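Chemist: Going line by line, the protein sequences match chains Z and L. Per this note's numbering: the first sequence ends with 291, consecutive numbering throughout. Per this note's numbering: the second sequence ends with 587, consecutive numbering throughout.
It is worth saying that the hints were derived from the structure and are not from the lab. All figures in this text were calculated on a predicted structure; none of them were measured in a lab. Treat the hints with caution; some may be incorrect.
[Said to hold, decoys possible] Pairs of lysine-lysine, DSS-like flavour, derived with a Cα cap of 30 Å:
id, chain 1, residue 1, chain 2, residue 2
1, L, K429, L, K410
2, Z, K119, Z, K282
3, L, K429, L, K372
4, Z, K282, L, K410
5, Z, K282, L, K401
[Said to hold, decoys possible] Chain L is nowhere near these chain Z residues, computed Cβ spacing over 12 Å in every case:
id, residue
6, W82
7, V83
8, G93
9, S104
10, T152
11, P153
12, R177
Cβ coordinates follow ideal geometry from the N, Cα and C atoms, glycine included.
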Amino acid sequence: MKAIPNLHLEADTPFRAPRFSVSRAMVLTLGVGWLAVTTLPFLFVVVTSLKSQQDTYSGSAWSLPSALDLSNYEAVLNGGFWVYLRNSLFVVGLSTTLILLTASMAAYVFARMNSRINKSIFSIVVAGMIVPLHVTLVPVYLMTRTAGLYDTPFALIGPYVASSLPVSIFILTEFMRQIPRELEEAALLDGCGPFAIFWRIFVPLSGPGLATVAIYNAIALWNEFIFAYVLTSTPANRTLPLAVWDFQGQYASNIPATLAVVTLTSLPLIVAYAFGQERIIKGMMVGSVKG
Amino acid sequence: MSFIKLPMATMPKRSRLGRPAAVVSATFLAPAIALLGIFLLYPLISSFRLSTLDWNGLGSTERFIGAQNWIHLSHDPAFFKAVRNNLILAVFSVLIQMPIALTLAVMLDKAGRGSRTLKILYFLPLLMSSVAIGVVFKNVYDPNFGPLNAALNALGLGNLAQDWLGDGRFALGATLAVICWQNIPFYMILFMAGLSSLSPELREAARLDGASPLRIFWHIELPHLQGTLRTGVLLAVMTGGGPDGASELMATYMYRTVFSSFQLGYGSTIASAMFLIVLVVASVTLTLTRRFETQI
């Protein structure tokens with residue numbers, strides 16, 4: 001009699017010995033299979049970037065380098081990589097700051113001042129999420145030329161901030177709506193005006209929302225290609241995604257050099273990812289509110 | 292009227308929120324509205340205006356030609372080919388990405404804590420720029436030196452090796468594969484998030500009642516995910532498979548028309564048409580999937 005409940009208990013404890021089952025095998029197969037699909041291209045890129053050019057033509061694509069060849073990295077790092085990196089940091093840093101500032105100001109209004117006109121403005125702003133960015137490309141290009149900003153990193157700031165605003169405002173409005181009203185009523189009694197309430201209550205309490213919006217936009221803009229390609233023309237003013245493009249033209253048939261550029265340009269984000277995977281994954285999933 | 296135009300600096304430093312809410316609203320909204328007006332709304336309207344011009348984009352040589360560009364577009368085989376291929380990419384993206392992403396999500400959900408490392412690694416492709424991915428897969432698909440054909444040869448499947456991007460029969464499929472490679476993890480994590488809100492008691496109860504994992508999936512997990520699935524389908528359709536696939540082929544055609552053939556007016560016609568197509572596709576998808584809407 002005693003043995004039966006015991007057995008039952010054993011089978012239900014999380015510390016049971018791994019049992020073979022069909023579903024377990026499927027999880028494993030699929031999990032490992034997709035892992036291979038995901039990581040093998042990365043492996044190929046890194047391994048090939050360490051080969052000499054001759055190596056890539058003589059050996060198989062999957063063979064290891066016959067000797068470690070770092071000359072490709074040297075050439076890329078001495079060939080203007082740092083300028084592209086600096087431009088990317090500048091453009092993405094300034095754009096993200098402006099997005100956070102303007103979007104949180106607008107979100108504060110939409111979250112708290114529910115006049116009829118504000119509601120209609122909110123709907124129009126949110127509808128901006130479905131505009132395909134390519135549609136604005138030609139007019140923005142013409143405007144940039146007229147404004148004399150063509151081929152400067154500043155040309156990218158306006159389009160980058162504007163294209164990020166609809167989704168950022170939407171997210172921050174949702175976030176700020178959940179901030180309890182009692183806090184601002186107390187501040188109001190203390191004599192705070194709307195600016196003080198915004199700056200001392202809404203901004204600090206929206207920390208997690210602001211972080212999510214910052215991550216989402218910074219990654220999207222860090223990888224943006226078409227506007228950067230059209231609005232700038234010289235390497236001195238271009239961002240990292242353009243480095244891949246420019247070097248590719250320069251090293252047309254040099255596969256290892258091209259892949260060294262890919263590795264180097266992808267590295268900053270992957271390093272950032274190594275430090276905060278969960279935050280970055282969460283930040284990037286925010287894009288799904290677009291549905 | 293004049294008090295609305297009062298610069299904020301002259302306002303008393305400590306004022307009540309009771310002060311005209313319209314002034315506060317206008318001040319806080321101004322920067323965002325200005326940016327959206329200049330860089331989103333104006334270009335959108337301007338694109339339609341440019342579509343009535345015959346212009347190479349240089350100097351003031353533009354000529355108003357009315358609807359001629361639109362008439363030309365309505366029987367431009369290159370445009371219709373781009374639209375068709377874009378729609379194919381969108382439809383197949385949904386058909387391929389959703390089931391694989393869903394399967395991976397359900398399996399990782401069952402695997403519990405051990406799935407964390409896998410999730411982190413699966414996510415890597417989403418950090419890459421579209422141009423870097425393009426360069427990587429151009430090399431992966433390379434008929435002579437590419438690892439894909441090398442792998443097929445090594446596995447004794449050498450007769451399957453192809454000129455993946457050069458051969459018209461495979462190019463679209465090869466592109467589709469890259470879109471899926473990058474975006475399946477996105478939808479997978481979207482579904483994992485959806486599954487995490489499913490109460491464990493419900494599944495446990497079904498399990499104790501003797502329901503097989505497949506039945507649990509079909510009758511509990513899948514219905515629970517229908518709102519998430521709708522979001523996923525909508526995203527995939529609207530972006531042509533993924534954020535960077537964004538109506539890519541139509542956009543490429545537009546780009547070449549403007550910046551290589553210098554037909555700025557006609558390029559703007561393509562862009563405007565693209566906007567209208569995205570609008571129609573989005574509303575059709577929204578309507579078709581309305582019955583799957585769920586409140587979270």
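Chemist: Each of the hints needs a verdict: does it hold here or not?
Modeler: Hint-by-hint comparison with the structure:
1. K429/L - K410/L: holds (26 Å)
2. K119/Z - K282/Z: Between K119/Z and K282/Z the Cα gap is close to 28 Å, so the pair holds against 30 Å.
3. K429/L - K372/L: Satisfied, since the Cα-Cα distance of roughly 22 Å is no more than 30 Å.
4. K282/Z - K410/L: holds (12 Å)
5. K282/Z - K401/L: holds (20 Å)
6. W82: Consistent with the label, W82/Z stays out of reach of chain L, its closest Cβ about 18 Å off (over 12 Å).
7. V83: holds (17 Å)
8. G93: holds (17 Å)
9. S104: violated (9 Å)
10. T152: The claim stands: T152/Z keeps its Cβ more than 12 Å from every Cβ of chain L (closest is about 16 Å).
11. P153: holds (16 Å)
12. R177: holds (15 Å)
Going down the numbered hints, you'll see the structure goes against just number 9.
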